[in-house]
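Student: As a plain string of letters, each chain reads:
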Amino acid sequence: MKNVIECEKISRKFPVPGGEFYALKGIDAAVPEGCFAILKGRSGSGKTTLMNIIGTLDDPSEGRVLIDGTEIRGMSAKKREDLRRKRMGFVFQSVSLIPSLNAWQNVEFSMRMAGIKYSKERDARIEECLRRVGLWNRRNHMPAEMSGGEQQRVAIARAIAHRPGILLADEPTAELDSAMAATVTGVFQEMSRTEGITILMTTHDVGLMDAADMIIELENGERKS
Amino acid sequence: MFGITVLKLWHKKWMNLCLILGCTLLIATTVSFPMYQAAAYDRMLRDEFDHFYAKEGSWPTGAEMTTVSKKDKTGAAISKLETFQNGFAQTLGVTEKEKIRLYTHSRMDLHSEMNRPDAGTLSLRLGAMSDLPEHVKLLAGEIYAGDPSADGVIDIVVTQGCLTAQGLLVGETLRFDAMKDAQGNPIRLRVTGVIAPQSMTDIYWQTDPEELSDVLLMDMDLFSAMFTGENAGKYTLTCKYDMLFEYADLRAPQVAYLQAQTDYLTTTSSYRSVLKLFDYPEILKEYAQKRERIFATLMILQIPVLVMLAAFLFMISGQMYEMERNEISVIKSRGSSRAQIFRLYLYQCGILTIVGALLGIPLGRVFARVLGATSSFLQFDSSRLSEVSFTRECAFYAAGAMLVTLGSMTLPAIRHSRVSIVHLKAQKAIRKKTWWEKVYLDIILIGVSIYGYYSFHRDAQKLSEHVLSGKGLDPLLYVSSSVFILGCGLLFLRLQPLFVRLLLAISGKFLRPAIYVSLRESVRNSRKQQLIMLFLILTVSLGMYHANVASTIMANAEENARYLDGADVILREVWTEKVDEEGRSTGQFVEPDYAKYASMPGVDGYTRVSYDDKAAAVTSGGNSRQAVTLMGIHTREFGSETAVSRAFLPRPYRQYLNDLAVVSDGFLASMDFHTKLGFEVGDSVTVLNRYGGSTTGKIVAFFDYFPGYAPSVVEIGPDGSAFRSDRFLLVGHYASFVRKWGTLPYEVWVDRTEGADDAAFYDWIEEKNLRLTKFTDRDRDVEDAMTDPLLQGTGGVLSMGFVVTILLCAVGYLIYWVMSIRERELTFGVLRACGLHKRELFTMLLIEQLFSGGLSIAAGIGIGKGASKLFVPILQQAYAAANQAIPMQVVTNAAALDRLYVVLALVMTVSLLVLVLLLFRMNVSKALKLGEE
Numbered sequence: 004m005k006n007v008i009e010c011e012k013i014s015r016k017f018p019v020p021g022g023e024f025y026a027l028k029g030i031d032a033a034v035p036e037g038c039f040a041i042l043k044g045r046s047g048s049g050k051t052t053l054m055n056i057i058g059t060l061d062d063p064s065e066g067r068v069l070i071d072g073t074e075i076r077g078m079s080a081k082k083r084e085d086l087r088r089k090r091m092g093f094v095f096q097s098v099s100l101i102p103s104l105n106a107w108q109n110v111e112f113s114m115r116m117a118g119i120k121y122s123k124e125r126d127a128r129i130e131e132c133l134r135r136v137g138l139w140n141r142r143n144h145m146p147a148e149m150s151g152g153e154q155q156r157v158a159i160a161r162a163i164a165h166r167p168g169i170l171l172a173d174e175p176t177a178e179l180d181s182a183m184a185a186t187v188t189g190v191f192q193e194m195s196r197t198e199g200i201t202i203l204m205t206t207h208d209v210g211l212m213d214a215a216d217m218i219i220e221l222e223n224g225e226r227k228s
Numbered sequence: 008m009f010g011i012t013v014l015k016l017w018h019k020k021w022m023n024l025c026l027i028l029g030c031t032l033l034i035a036t037t038v039s040f041p042m043y044q045a046a047a048y049d050r051m052l053r054d055e056f057d058h059f060y061a062k063e064g065s066w067p068t069g070a071e072m073t074t075v076s077k078k079d080k081t082g083a084a085i086s087k088l089e090t091f092q093n094g095f096a097q098t099l100g101v102t103e104k105e106k107i108r109l110y111t112h113s114r115m116d117l118h119s120e121m122n123r124p125d126a127g128t129l130s131l132r133l134g135a136m137s138d139l140p141e142h143v144k145l146l147a148g149e150i151y152a153g154d155p156s157a158d159g160v161i162d163i164v165v166t167q168g169c170l171t172a173q174g175l176l177v178g179e180t181l182r183f184d185a186m187k188d189a190q191g192n193p194i195r196l197r198v199t200g201v202i203a204p205q206s207m208t209d210i211y212w213q214t215d216p217e218e219l220s221d222v223l224l225m226d227m228d229l230f231s232a233m234f235t236g237e238n239a240g241k242y243t244l245t246c247k248y249d250m251l252f253e254y255a256d257l258r259a260p261q262v263a264y265l266q267a268q269t270d271y272l273t274t275t276s277s278y279r280s281v282l283k284l285f286d287y288p289e290i291l292k293e294y295a296q297k298r299e300r301i302f303a304t305l306m307i308l309q310i311p312v313l314v315m316l317a318a319f320l321f322m323i324s325g326q327m328y329e330m331e332r333n334e335i336s337v338i339k340s341r342g343s344s345r346a347q348i349f350r351l352y353l354y355q356c357g358i359l360t361i362v363g364a365l366l367g368i369p370l371g372r373v374f375a376r377v378l379g380a381t382s383s384f385l386q387f388d389s390s391r392l393s394e395v396s397f398t399r400e401c402a403f404y405a406a407g408a409m410l411v412t413l414g415s416m417t418l419p420a421i422r423h424s425r426v427s428i429v430h431l432k433a434q435k436a437i438r439k440k441t442w443w444e445k446v447y448l449d450i451i452l453i454g455v456s457i458y459g460y461y462s463f464h465r466d467a468q469k470l471s472e473h474v475l476s477g478k479g480l481d482p483l484l485y486v487s488s489s490v491f492i493l494g495c496g497l498l499f500l501r502l503q504p505l506f507v508r509l510l511l512a513i514s515g516k517f518l519r520p521a522i523y524v525s526l527r528e529s530v531r532n533s534r535k536q537q538l539i540m541l542f543l544i545l546t547v548s549l550g551m552y553h554a555n556v557a558s559t560i561m562a563n564a565e566e567n568a569r570y571l572d573g574a575d576v577i578l579r580e581v582w583t584e585k586v587d588e589e590g591r592s593t594g595q596f597v598e599p600d601y602a603k604y605a606s607m608p609g610v611d612g613y614t615r616v617s618y619d620d621k622a623a624a625v626t627s628g629g630n631s632r633q634a635v636t637l638m639g640i641h642t643r644e645f646g647s648e649t650a651v652s653r654a655f656l657p658r659p660y661r662q663y664l665n666d667l668a669v670v671s672d673g674f675l676a677s678m679d680f681h682t683k684l685g686f687e688v689g690d691s692v693t694v695l696n697r698y699g700g701s702t703t704g705k706i707v708a709f710f711d712y713f714p715g716y717a718p719s720v721v722e723i724g725p726d727g728s729a730f731r732s733d734r735f736l737l738v739g740h741y742a743s744f745v746r747k748w749g750t751l752p753y754e755v756w757v758d759r760t761e762g763a764d765d766a767a768f769y770d771w772i773e774e775k776n777l778r779l780t781k782f783t784d785r786d787r788d789v790e791d792a793m794t795d796p797l798l799q800g801t802g803g804v805l806s807m808g809f810v811v812t813i814l815l816c817a818v819g820y821l822i823y824w825v826m827s828i829r830e831r832e833l834t835f836g837v838l839r840a841c842g843l844h845k846r847e848l849f850t851m852l853l854i855e856q857l858f859s860g861g862l863s864i865a866a867g868i869g870i871g872k873g874a875s876k877l878f879v880p881i882l883q884q885a886y887a888a889a890n891q892a893i894p895m896q897v898v899t900n901a902a903a904l905d906r907l908y909v910v911l912a913l914v915m916t917v918s919l920l921v922l923v924l925l926l927f928r929m930n931v932s933k934a935l936k937l938g939e940e
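Quick note, the sequences are listed as chains G and E, same order. According to our numbering, the residues represented by the first sequence are 4 to 228, in order. According to our numbering, the residues represented by the second sequence are 8 to 940, in order.
It is possible that some hints are incorrect.
What the hints assert, rightly or not - Here are the simulated DMTMM-like pairs of lysine to aspartate or glutamate, each with C-alpha atoms no more than 25 Å apart in a straight line:
(1) K440/E - E148/G
(2) K227/G - E9/G
(3) K516/E - D85/G
(4) K104/E - E120/E
(5) K297/E - E847/E
(6) K516/E - D126/G
(7) K845/E - D85/G
(8) K516/E - E130/G
(9) K82/G - E832/E
(10) K440/E - E329/E
(11) K445/E - E148/G
(12) K781/E - E589/E
(13) K62/E - E588/E
(14) K89/G - E832/E
(15) K297/E - D466/E
(16) K82/G - E847/E
(17) K845/E - D62/G
(18) K535/E - E148/G
(19) K241/E - D158/E
(20) K516/E - E148/G
(21) K603/E - D786/E
(22) K603/E - E847/E
(23) K20/E - E331/E
(24) K89/G - E847/E
(25) K516/E - E9/G
(26) K241/E - E289/E
(27) K81/G - E588/E
(28) K705/E - D690/E
(29) K120/G - E847/E
(30) K747/E - E580/E
(31) K106/E - D158/E
(32) K106/E - E253/E
(33) K81/G - E832/E
Simulated from the structure, these hints should not be mistaken for lab results.
Chain G extracted, bound-state conformation (with noise of 0.2 Å):
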């Protein structure tokens, strides 16, 4: 199986008072396609910062990520956000829902988004989605009315609608009690199995380990397995 996600000696620092701080320190990594990849960590291990540069929001320092074997750097801006419009889905830990549009709306965005035309088809994903969430029910609910475990599901349909190839999850499930993270976790695994997603998920709850297909163990920056 071809990588879809590859990162080659990864370093990214910062600037701090009296030097440079290293968040990431020669990364190596690569997941294959429709892999359910966990990213773990402790906090402050840098798995956010490499998540953000697999995201091309970032840029590393040093090394290079390539993403369907093209590498990200050099890519202009807009290169970029198309990548991310289209071929990526993302899930924050906070819940990221665009607070003026109801489940229903959230959802059908990302497709926008991706430029995928108003058609019957569009709203039947969107069905289909929400159904997958377990919150079609809910759909002209808004953000506000619904509860953060929700809300976060809301955001994997949105996530996925415009059937990414890539789906990348920061802590989704920070803020959810054991139950709620387990079946979120449980929607990851079922949509890299159905859809063929290579999703990665950061996360520092090791009970959802055993869904992985894949763990990237980060420690100070560094990989530790």
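Could you slot chain E onto chain G? The hints should help.
Tutor: Structure of chain E alone, referenced to chain G:
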């Protein structure tokens, strides 16, 4: 607590700077009104007296006492009156200008000691006038000495009239046989000089010198020693006391005391029977009415501005609390009492208010000066900047403004201090209709204002009479327009989300992501945006409305003053009447040299106009007479020197003159000859001039307006009520009048060259030594009309209000934008992370801005135009002057509106720039991080 407060203030310095700006402007605006009013009242008071003095020629502020001290009475009465006179100004609390004492005995016979063939027995009065030598010039001889001469003869002076009438000679000695000095010898007098007033305008001459034609004037001190005090009982003495006080020093706040003291003197005091006041009580009464009118009008005009200022503070502090909601709810959840939270904000807002007051009061002074320098809407004439002072009233206003400021900033704290973090989250989820939407306040307000419109529209004419009688502007009238604007603004807020929803329903499925989200945001945030949108709508629509009100009333006042003057300059010289050999008037006059007018500088033309406002037309078959004004003109010259706007007449003005030109005995008659007296074109009319001459002519046309002609004037009756009376005017040929009656006094109507030098013209008048009985200068009269405190105050308040609100609006709108973007940083971060381009994000916010700000401005413009169309014609009635002659027209001040649009464009551009700046500074991963916190 204080430390925390200061720290909090510093932490949100930009927000607090905006709040300070709001406080400063609110306090400055509030304080500027009483400051301006005080200065305006002072000036108005002085103007009232000045006008009276210029028109009537008699000093208005003072009183006169005349009493007769009978023979055998003690001198106590006289000394009491003298004491009263000395303390008169002090009693009234004013500055003394002049006090004049005139003592005269009754006429008594006297003989000349000179052996003259024509010397008969004379009957004259002996008298004295205080400070006489300082106010007279000697025509012959010298002024009297203070003491009798060695031979016991007393020096006296006489007026020219007395000298001639009595046939006295300078140096002549006269003897009163019936009047004895202390030694019992007859009093002997010597005529030492002949006097005349130094100046006829000297206010010392309260007693006409003509009245002194039988008085021999001696030194006052000597007179007092001889005939007052213990010697008072010997002869009957008439004592006249004039007490004049300075009006230029009179300040508005002194008026009430002056009026009260005057009332006391004339109704209660023991001097009431002998005291005769000059004209000042009437002038003060008129002034009080005007003042009341100005006060009411300016107050009403200020209210919307002040309400908007308070709303601004409320809005901004609301934003502040909105930003601090999390903080407040966390403090609350950690056990702080509501009182503690309230105190924290009270201190914080207290500091802001005090800083606001420290800056606002001096700024208010500047505002007040600018108010006084307003020449038109948003136009200020720096040469008119007047001095203003901080009065006790200003302190009250400042305190009031500070309280409102503090209240509007701290009151939201009470509401927010109730909310714990749990309630806060719950609250965020709830979306409710606002109270005004539920009660249909918008519809109610529009209904009320339309009702107001119809009822005022019906009684438009009564309205101006009501105002002219001093009752001030009916608050309801002004409120109607404000209510209309508010109602329409709220209706727009109700309709705007529906409109966006409709747009979404129609095209939502196909919209690009950025536009789609912005429209959704617009619907979603419609309630949150209501206040800023309403603020924008009100600022724009009130700005437009006020611009139209101000320009309409100012343009009308100017146009009216121009029209009423008739010509650029009108001069009328003193004409002396010819007398026959026996001194009887002949009705013939000596015509001043007319040829000299050819040398007037800066003049395009001039013409003779005979003007008789005491003529009469014979009506009803000769049975009754109608008082008319009769003008005699030279049609061709008059036509080229004067003009009447085409808007006022059904056909061009010069056609009327042409009609007259072809009929040598023709008359142009004012329309009331037709409507009130039943005359028709072609009818004969007989007219009598003031000297009794009559002529008959044919009416050739009726006109509604003619240069200088007011069809009706509003007069104020003795009970203070206003009524309208018609004025009849007949215009005939000057030449035919001359043929009939000979040369009669005429006026010279002058058409001056545009931009001609005033000084040269006035120098010419001076140089030619013209003695004028009438002089009007159109430019001066227009200037006078434009500086009317009511008009100027209105222009000033509206301009100032507009500047302040637009400033607040700009600041408020920017704050709203910045806050709104900050608040949504997480959403923007998510959108950017999901691949939304910066350009798209900008488009999204731009559209959002267009749908909130842009639509609000468009609505504001529409509402402003609507309100102007409906209410300006009614409101201007309230500003109609008593001499309003021409029909009033709504004037749209394009320049002011352009200024308004420029300011709005600037506000929108600046907020867009801020938007771009914020977006480019935004870091996606940082924004996402922010969201996590």
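Student: Take the hints in turn and mark each one as holding or not.
Tutor: Now for the hints, and whether the structure bears them out:
For the proposed pair K440/E and E148/G, the alpha carbon gap of about 17 Å is at most 25 Å, so the pair holds. At most 25 Å may separate the alpha-carbon atoms for a hinted pair to count; K227/G and E9/G meet this at roughly 17 Å. Between the alpha carbons of K516/E and D85/G the distance comes to roughly 21 Å, so the proposed pair stays at or under 25 Å and holds. With a C-alpha separation of about 41 Å, the suggested pairing of K104/E with E120/E is violated against the 25 Å cut-off.
Distance restraint check for K297/E and E847/E: the Cα-Cα separation of roughly 60 Å exceeds the 25 Å cut-off, and the hinted pair is therefore not satisfied. With a C-alpha separation of about 11 Å, the suggested pair K516/E and D126/G falls inside the 25 Å cut-off, and the hint holds. For the suggested pair K845/E and D85/G, the alpha carbons sit about 12 Å apart, so the restraint of at most 25 Å is met. At most 25 Å may separate the alpha-carbon atoms for a hinted pair to count; K516/E and E130/G meet this at roughly 16 Å.
Between K82/G and E832/E the alpha-carbon distance is near 23 Å, which keeps this suggested pair within the 25 Å criterion. Restraint check for K440/E and E329/E: the C-alpha separation of about 19 Å stays at or below 25 Å, so the hint holds. As the CA atoms of K445/E and E148/G are separated by approximately 23 Å, the hinted pair is consistent with the 25 Å bound. At roughly 30 Å between alpha-carbon atoms, K781/E and E589/E are farther apart than 25 Å, so this suggested pair is violated.
Distance check on the hinted pair: K62/E and E588/E sit about 35 Å apart at the alpha-carbon level, beyond 25 Å; violated. A C-alpha spacing of about 23 Å is found between K89/G and E832/E, which places the hinted pair at or below 25 Å, so the restraint holds. The hinted pair formed by K297/E and D466/E meets the criterion: a straight-line CA distance of about 22 Å does not exceed 25 Å. A C-alpha spacing of about 15 Å is found between K82/G and E847/E, which places the hinted pair at or below 25 Å, so the restraint holds.
For the suggested pair K845/E and D62/G, the alpha carbons sit about 18 Å apart, so the restraint of at most 25 Å is met. Among the hinted pairs, K535/E with E148/G is consistent with the structure: their alpha-carbon atoms are about 18 Å apart, no more than 25 Å. A hinted pair counts as satisfied when its Cα atoms are at most 25 Å apart, and K241/E with D158/E qualifies at roughly 23 Å. For the proposed pair K516/E and E148/G, the alpha carbon gap of about 24 Å is at most 25 Å, so the pair holds.
About 23 Å separates the Cα atoms of K603/E and D786/E, which keeps this hinted pair within 25 Å; it holds. Proposed proximity of K603/E and E847/E is contradicted: the alpha carbons are some 80 Å apart, above 25 Å. Between the alpha carbons of K20/E and E331/E the distance comes to roughly 14 Å, so the proposed pair stays at or under 25 Å and holds. With a C-alpha separation of about 16 Å, the suggested pairing of K89/G with E847/E holds against the 25 Å cut-off.
A C-alpha spacing of about 38 Å is found between K516/E and E9/G, which places the hinted pair above 25 Å, so the restraint is violated. At roughly 40 Å between alpha-carbon atoms, K241/E and E289/E are farther apart than 25 Å, so this suggested pair is violated. Pair hint K81/G plus E588/E does not hold up; C-alpha atoms about 113 Å apart against a cutoff of 25 Å. Pair hint K705/E plus D690/E holds up; C-alpha atoms about 6 Å apart against a cutoff of 25 Å.
Simply put, K120/G and E847/E have alpha-carbon atoms about 17 Å apart, close enough for the 25 Å limit, and the pair holds. With a C-alpha separation of about 22 Å, the suggested pair K747/E and E580/E falls inside the 25 Å cut-off, and the hint holds. The hinted pair formed by K106/E and D158/E fails the criterion: a straight-line CA distance of about 33 Å is larger than 25 Å. The straight-line distance between the Cα atoms of K106/E and E253/E is roughly 11 Å, inside the 25 Å bound, and the hint therefore holds.
Annotation: proposed proximity of K81/G to E832/E holds, straight-line Cα distance about 21 Å (limit 25 Å).
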